[in-house]
Amino acid sequence: MNGIYFIKDIVLPPLLEGTWVTIKLLVLSIPLGLLLGILIAGGRVYGNKIISFLCAGFTVFFRGTPLLVQLFVIYYGLPSIGVYFSPFAAAVVGFVLCSGAYHSEYIRGAIQSIKSGQMMAAQALGMSKFKAIIYIIFPQALRRALPGCSNEIVYLVKYSSLAFMVTCIELTGAGKIVATRYFRYTEVFLVIGIIYLLLVSVVTKILSMVEKKLKIPGLE
Amino acid sequence: MTENFLSIYEALPYLLRGSLVTIGLVGGALALGLTLGIPMAIGQVYGNKYSAGLISFYVWFFRGLPVLVLLFLFYFGLFAVLGLDLSAFTAAILVLGLRSAAYQSQIFRGAMQSLGEGQMLAALSLGMSKAKAAWHIILPQALRISLPGWSNEYSIILKDSAVTYAIGLMEIMTRGKFIATRTFKPMPIFLTCALIFLILTYGGVKFLNLLEKKVRIPGYGTEREESY
Amino acid sequence: MQKDKAIVLRVEDIYKKYGNVEVLRGISFEVKKGETKVIIGPSGSGKSTLLRCINQLTIPDKGRIWLENEEVTHTRKNINQFRQKIGMVFQDFNLFDHLNALRNVEIGLIKVKSMGKDEARQKAIEELKQVGLEEQAHLYPAQLSGGQKQRVSIARTLAMDPSVILFDEPTSALDPELIGEVLEVIKKLALNGMTMAVVTHEMGFARSVANEVIFMEDGKIIDQGPPRKLFTNPEHARTRKFLYKIAELYGRSAEKK
Numbered sequence: 004m005n006g007i008y009f010i011k012d013i014v015l016p017p018l019l020e021g022t023w024v025t026i027k028l029l030v031l032s033i034p035l036g037l038l039l040g041i042l043i044a045g046g047r048v049y050g051n052k053i054i055s056f057l058c059a060g061f062t063v064f065f066r067g068t069p070l071l072v073q074l075f076v077i078y079y080g081l082p083s084i085g086v087y088f089s090p091f092a093a094a095v096v097g098f099v100l101c102s103g104a105y106h107s108e109y110i111r112g113a114i115q116s117i118k119s120g121q122m123m124a125a126q127a128l129g130m131s132k133f134k135a136i137i138y139i140i141f142p143q144a145l146r147r148a149l150p151g152c153s154n155e156i157v158y159l160v161k162y163s164s165l166a167f168m169v170t171c172i173e174l175t176g177a178g179k180i181v182a183t184r185y186f187r188y189t190e191v192f193l194v195i196g197i198i199y200l201l202l203v204s205v206v207t208k209i210l211s212m213v214e215k216k217l218k219i220p221g222l223e
Numbered sequence: 499m500t501e502n503f504l505s506i507y508e509a510l511p512y513l514l515r516g517s518l519v520t521i522g523l524v525g526g527a528l529a530l531g532l533t534l535g536i537p538m539a540i541g542q543v544y545g546n547k548y549s550a551g552l553i554s555f556y557v558w559f560f561r562g563l564p565v566l567v568l569l570f571l572f573y574f575g576l577f578a579v580l581g582l583d584l585s586a587f588t589a590a591i592l593v594l595g596l597r598s599a600a601y602q603s604q605i606f607r608g609a610m611q612s613l614g615e616g617q618m619l620a621a622l623s624l625g626m627s628k629a630k631a632a633w634h635i636i637l638p639q640a641l642r643i644s645l646p647g648w649s650n651e652y653s654i655i656l657k658d659s660a661v662t663y664a665i666g667l668m669e670i671m672t673r674g675k676f677i678a679t680r681t682f683k684p685m686p687i688f689l690t691c692a693l694i695f696l697i698l699t700y701g702g703v704k705f706l707n708l709l710e711k712k713v714r715i716p717g718y719g720t721e722r723e724e725s726y
Numbered sequence: 286m287q288k289d290k291a292i293v294l295r296v297e298d299i300y301k302k303y304g305n306v307e308v309l310r311g312i313s314f315e316v317k318k319g320e321t322k323v324i325i326g327p328s329g330s331g332k333s334t335l336l337r338c339i340n341q342l343t344i345p346d347k348g349r350i351w352l353e354n355e356e357v358t359h360t361r362k363n364i365n366q367f368r369q370k371i372g373m374v375f376q377d378f379n380l381f382d383h384l385n386a387l388r389n390v391e392i393g394l395i396k397v398k399s400m401g402k403d404e405a406r407q408k409a410i411e412e413l414k415q416v417g418l419e420e421q422a423h424l425y426p427a428q429l430s431g432g433q434k435q436r437v438s439i440a441r442t443l444a445m446d447p448s449v450i451l452f453d454e455p456t457s458a459l460d461p462e463l464i465g466e467v468l469e470v471i472k473k474l475a476l477n478g479m480t481m482a483v484v485t486h487e488m489g490f491a492r493s494v495a496n497e498v499i500f501m502e503d504g505k506i507i508d509q510g511p512p513r514k515l516f517t518n519p520e521h522a523r524t525r526k527f528l529y530k531i532a533e534l535y536g537r538s539a540e541k542k
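Residue numbers (our numbering), protein chains in the order written: chain V, 4 to 223; chain D, 499 to 726; chain A, 286 to 542.
Just to be clear, a hint being listed does not mean it is correct.
[As the list claims (entries may be wrong)] If you want a taste of the chain A side facing chain V, the calculated C-beta under 8 angstroms gives, among others:
1. N340
2. D377
3. Y425
4. Q428
5. N518
[What the hints assert, rightly or not] The calculated lysine-lysine pairs, modelled on DSSO-like cross-linking and capped at a C-alpha distance of 27 angstroms, are:
6. K318(A) - K118(V)
7. K52(V) - K402(A)
8. K132(V) - K318(A)
9. K216(V) - K396(A)
10. K215(V) - K161(V)
11. K52(V) - K408(A)
12. K396(A) - K408(A)
13. K118(V) - K473(A)
14. K514(A) - K118(V)
15. K216(V) - K402(A)
16. K398(A) - K134(V)
17. K398(A) - K118(V)
18. K362(A) - K318(A)
19. K134(V) - K402(A)
20. K132(V) - K473(A)
21. K408(A) - K134(V)
22. K302(A) - K408(A)
23. K396(A) - K132(V)
24. K302(A) - K218(V)
25. K473(A) - K505(A)
26. K52(V) - K370(A)
27. K52(V) - K27(V)
28. K402(A) - K218(V)
Note that these hints are calculated values from the structure, not bench results.
As the structure is a computational prediction, the values presented were derived from the model and not from experiment.
Even for Gly, the Cβ is constructed at its ideal location relative to N, Cα and C.
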């Protein structure tokens with residue numbers, strides 16, 4: 004039976020290549036998505052009526068529609084108005100926008116949970132509102148938003164598989180190609196499943212290390 | 499500009515028929531998830547070590563794998579291995595339903611555990627068996643507490659239903675792509691798809707919120723989470 | 286004691302309305318250099334709002350405020366520069382929860398006054414010594430008692446070298462046994478010549494430290510005068526009534542000599 008050899012020699016190499024693409028997708032999308040989330044949340048809470056409205060609208064759209072639709076609009080739709088993205092770039096853009104919207108909700112909730120006295124005390128010292136937001140509010144809000152944002156990051160690890168739907172050959176895509184060629188769907192996708200479970204474990208571990216490092220007594 | 503609106507107008511009936519498929523898919527998956535999720539939750543909270551362990555494994559598997567991978571695994575792989583020849587629709591309901599069961603079981607489990615052991619103890623002391631107590635006392639309360647989490651689950655399954663495009667199910671996304679390629683008007687078509695999803699999401703959640711209000715018991719603190 | 290000192294803080298005719306409720310109805314007073322003014326009065330009389338109007342955390346509807354002869358209200362000048370010179374100590378302490386005691390005291394110096402890190406650290410340690418908390422410098426607010434938190438908050442305010450410090454019921458949120466340590470620090474400041482306006486219910490403290498006591502009710506100043514006079518022989522019936530109630534509450538006779 005060529006079971007094990009099949010997996011080792013034929014399936015694994017392309018899968019590992021695909022995993023590498025997945026990792027590249029994530030390394031770009033996760034930090035950028037978080038950054039966008041911070042900006043949108045800040046705009047929503049501290050911006051004027053127009054900015055706040057736009058940020059709210061952004062969040063409504065990107066949380067109320069499937070990621071797949073967003074990816075299709077970016078990869079298949081935008082070219083019709085002259086904006087061209089490679090499959091990889093389209094995927095990253097979609098992931099950043101989508102996860103940014105979800106992050107912004109967690110961060111917004113966290114900001115609003117900070118007592119108003121913190122802002123008052125910062126301003127009483129003579130800090131401008133901007134300085135107070137950066138040095139006093141955000142450090143606390145981001146710590147509070149960490150559980151929610153960690154959750155969202157783990158989701159993104161799994162939903163990165165949708166990049167295949169816009170022809171970016173990451174792990175799932177690589178698997179489908181190999182599986183189709185050799186008619187061995189079950190084995191291939193079980194291996195893929197294991198790899199995703201490993202990826203999620205690694206990311207979860209990193210996130211909990213980050214959480215530990217940022218922990219401050221009394222700040223939950 | 500007018501050709502854009504024209505293309506939307508012509509595509510709409512076709513797309514809306516797709517949304518019927520989507521709604522059927524979502525409803526079926528939620529129902530399957532509910533039917534399996536409740537016993538799984540009961541098994542985890544009140545069952546023995548082995549059943550609880552088995553259920554935990556199930557939950558870990560179905561929550562840890564991406565939806566797309568589960569769809570490919572089952573539709574192209576496992577169902578064939580088991581000799582089942584299922585339509586994309588049936589396969590999709592099964593996969594999304596099994597996955598939803600994993601998530602829903604955790605919602606119900608959390609709700610049941612938040613009730614505290616007092617309820618079960620009181621029921622047992624009245625002479626009820628564990629099963630009767632779970633059904634008549636624990637469940638009615640747990641289900642009400644679960645409603646906010648459940649409306650979240652609805653919007654998640656709705657969005658995940660789009661992924662069934664990958665196995666060729668003729669729901670909204672597949673039809674949208676079909677038309678977009680033929681009419682060379684991807685932008686308006688896909689934005690229309692987005693709009694349909696927005697309406698389904700927002701409308702569905704509103705409906706579930708009304709439902710929650712109707713079954714609310716005075717004095718029960720249910721935490722309102724933001725959900726879409 | 287009545288030297289001709291410079292006026293540090295001048296408040297003129299402050300009005301403030303919240304919705305339909307007029308919280309401040311024409312408040313005027315002044316604080317000279319080195320003076321301690323204590324403001325007493327029933328809850329809801331607008332005392333906290335008044336303090337917040339002074340450093341413009343709340344904008345008054347009408348009225349003017351001067352700090353050392355510069356007008357704070359109606360000015361294009363950056364309010365943040367005024368706030369550096371007006372210190373504020375809050376009832377709820379409002380320590381920055383993500384920073385330890387030392388960093389709490391430092392941060393104003395580093396981020397607002399643009400002081401160098403080493404210089405700021407030195408000054409912060411000095412101020413913590415002043416309030417008796419140099420050992421607790423590395424603890425976080427959640428690890429401090431209420432009295433310690435308030436003392437750090439005072440150190441944080443002192444570090445900015447303000448011209449006047451406003452205290453908004455500094456001990457009202459403290460357990461009784463912790464009130465003393467905070468009052469001690471404030472007394473020390475007064476004896477060292479700091480210009481202060483203190484809103485408080487602590488009558489004993491007011492008596493021993495105030496140069497003048499102001500009694501506010503329903504947004505107006507009803508009575509004011511040196512503590513001796515106000516506590517033993519107030520002019521107005523309402524002042525008497527209030528002091529009597531306080532005396533009952535605290536078990537001390539405010540009318541005792």
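Structure-based check of all given hints:
1. N340: holds, 6 angstroms
2. D377: holds, 5 angstroms
3. Y425: holds, 5 angstroms
4. Q428: Interface hint status for Q428(A): holds (6 angstroms vs cutoff 8 angstroms).
5. N518: This interface hint is violated because 37 angstroms lies over the 8 angstroms limit.
6. K318(A) - K118(V): violated, 34 angstroms
7. K52(V) - K402(A): violated, 38 angstroms
8. K132(V) - K318(A): violated, 30 angstroms
9. K216(V) - K396(A): Holds: K216(V) and K396(A) sit about 24 angstroms apart, inside 27 angstroms.
10. K215(V) - K161(V): Satisfied, since the Cα-Cα distance of roughly 24 angstroms is no more than 27 angstroms.
11. K52(V) - K408(A): Measuring from Cα to Cα gives roughly 42 angstroms; hence the hint is violated.
12. K396(A) - K408(A): holds, 14 angstroms
13. K118(V) - K473(A): violated, 31 angstroms
14. K514(A) - K118(V): Given that 27 angstroms is the threshold and the Cα spacing comes to 41 angstroms, the pair is violated.
15. K216(V) - K402(A): The hint holds at about 23 angstroms.
16. K398(A) - K134(V): holds, 12 angstroms
17. K398(A) - K118(V): holds, 25 angstroms
18. K362(A) - K318(A): Roughly 23 angstroms separates the two Cα atoms, so the pair holds.
19. K134(V) - K402(A): holds, 17 angstroms
20. K132(V) - K473(A): Since the Cα atoms of K132(V) and K473(A) sit roughly 33 angstroms apart, the hinted pair is violated (cutoff 27 angstroms).
21. K408(A) - K134(V): Within the cut-off at roughly 21 angstroms; holds.
22. K302(A) - K408(A): Distance ~40 angstroms between K302(A) and K408(A) Cα, so the pair is violated.
23. K396(A) - K132(V): Answer holds: K396(A) to K132(V) is near 12 angstroms, not above 27 angstroms.
24. K302(A) - K218(V): violated, 42 angstroms
25. K473(A) - K505(A): violated, 30 angstroms
26. K52(V) - K370(A): violated, 33 angstroms
27. K52(V) - K27(V): Roughly 37 angstroms between the alpha carbons, so the hint for K52(V) and K27(V) is violated.
28. K402(A) - K218(V): Holds. K402(A) to K218(V) sits at ~24 angstroms (cutoff 27 angstroms).
Checked against the numbered hints given earlier, this structure breaks hints 5, 6, 7, 8, 11, 13, 14, 20, 22, 24, 25, 26 and 27; the rest are met.
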